[in-house]
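Working from the sequences, and respecting the hints, build out all of it.
Residue numbers (numbering that gives the first Met the number 0), protein chains in the order written: chain A, 0 to 283; chain B, 0 to 92.
Among the hints, a few may not be true.
Here are the in silico distance ranges between beta carbons for each label pair [as the list claims (entries may be wrong)]:
| hint | chain 1 | residue 1 | chain 2 | residue 2 | range |
| --- | --- | --- | --- | --- | --- |
| 1 | A | R1 | B | G30 | 51 to 59 Å |
| 2 | A | S200 | B | A47 | 49 to 57 Å |
| 3 | B | S11 | A | T224 | 28 to 36 Å |
Think of the hints as simulated: they come from the structure by calculation, not from any bench. Even glycine gets a Cβ: it sits at the ideal position worked out from N, Cα and C.
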Amino acid sequence: MRHSHALRIGPVGFRVGSTWRAPITALRGLYAGYPTLKAEVPDLTVRLYPERPWRRWLRPSVAIGGDFWLPDAAPLPLAQGLLAAEMGMNLQVALGWRRHLLLHCSAVERDGRVLLMSGASGSGKSTLATLLALAGWRFLGDEFAFVALDDGAIHPFPRAASLKNEAVAAVRAAGGMVGPVLAGTPKGTIGYWRPPETAISRMTDAAPPKLLLFPRFGEPERVETMAPSETFVRLTQASTNYVTLGQTGFSALTRLVQTVPALAIGYPDSAAGLALVERLWSAA
Amino acid sequence: MTDPVYAVDPPSVRLAVPLDALIAVYHRPSGATHLLAAPSPELLDALADGPADAASLRDRLAAHYDLNGEDDAVGAIAARMEELVAAGLAWRA
Numbered sequence: 000m001r002h003s004h005a006l007r008i009g010p011v012g013f014r015v016g017s018t019w020r021a022p023i024t025a026l027r028g029l030y031a032g033y034p035t036l037k038a039e040v041p042d043l044t045v046r047l048y049p050e051r052p053w054r055r056w057l058r059p060s061v062a063i064g065g066d067f068w069l070p071d072a073a074p075l076p077l078a079q080g081l082l083a084a085e086m087g088m089n090l091q092v093a094l095g096w097r098r099h100l101l102l103h104c105s106a107v108e109r110d111g112r113v114l115l116m117s118g119a120s121g122s123g124k125s126t127l128a129t130l131l132a133l134a135g136w137r138f139l140g141d142e143f144a145f146v147a148l149d150d151g152a153i154h155p156f157p158r159a160a161s162l163k164n165e166a167v168a169a170v171r172a173a174g175g176m177v178g179p180v181l182a183g184t185p186k187g188t189i190g191y192w193r194p195p196e197t198a199i200s201r202m203t204d205a206a207p208p209k210l211l212l213f214p215r216f217g218e219p220e221r222v223e224t225m226a227p228s229e230t231f232v233r234l235t236q237a238s239t240n241y242v243t244l245g246q247t248g249f250s251a252l253t254r255l256v257q258t259v260p261a262l263a264i265g266y267p268d269s270a271a272g273l274a275l276v277e278r279l280w281s282a283a
Numbered sequence: 000m001t002d003p004v005y006a007v008d009p010p011s012v013r014l015a016v017p018l019d020a021l022i023a024v025y026h027r028p029s030g031a032t033h034l035l036a037a038p039s040p041e042l043l044d045a046l047a048d049g050p051a052d053a054a055s056l057r058d059r060l061a062a063h064y065d066l067n068g069e070d071d072a073v074g075a076i077a078a079r080m081e082e083l084v085a086a087g088l089a090w091r092a
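See below:
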């Protein structure tokens, strides 16, 4: 492809190629300082290309492709090329990665142990992880937790956090710098928060999980203990490669739910959420 | 009409991990994961001795468990076995 950038984020080597220069320039800016791939073969490849040949110039429309592919991935306008690159990277990881059990979780670390937060879009898991990182926790990722298949440790995947709508203001209010903000995307307004330097320099340092939370933003404060079997079912649904990994994934997931306590929590706002997380972490 | 006789794969093809009241079972031939509650895991184990109908299964379970309180143990076992057949963990021999 005409333009490309190859970089490493945690265990994953990506090559993102694009027909247009702009998405790659934006990607290089957002991920400046991340290790780049030299002679290494990338693990996953993302391709951004025109939906039709003339759509390279005429109302440019970015289709997302790569080694793995979904038939219904809708193209995006060129102005949202960075989002297309990010979605492409997510898609390739979700569909193609086999070396870890992937959980749709955000993850932060403190004192050598990891806090996992799982939830659907809008649950607040990205915002909480970002705010905790601003409060001194090490940011491991806001999208996927990479669970090691041999020892269950959580490997960092410190992509830029994707903050949606009100979360942009919440992170800025806490002193966080939110970089490119894309308005009018299919997911609303999206702002990218670049992880702190320690998250990048320590992206190969894995740590064992200590606590798993299922947060729900905008609810009265509550804490409910989840049974391991319920946690197991929810995490099979939150994993993009559990079925593909077969018995290896089963063993990794049963070990996680047997050894890590899980709580469902509700919180009305970010401040209450942060205080609740700190309290539960101390008690865990 | 004779009562159905049930059979299962040997225990070595299943990986069972107790989580709480439920047991997670990975079935290697299908690659499927199941969450089972008692007495389904016990029925699978009891069939390791060979195919059996519900009445024989009750006798096998009675050798290890106290079934005195069960008025219709055979009916309950037949219902659980049909669920295991539907789940792909057992079949009618």
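Tell me, in ascending order, the numbers of any earlier hints that this structure violates.
1
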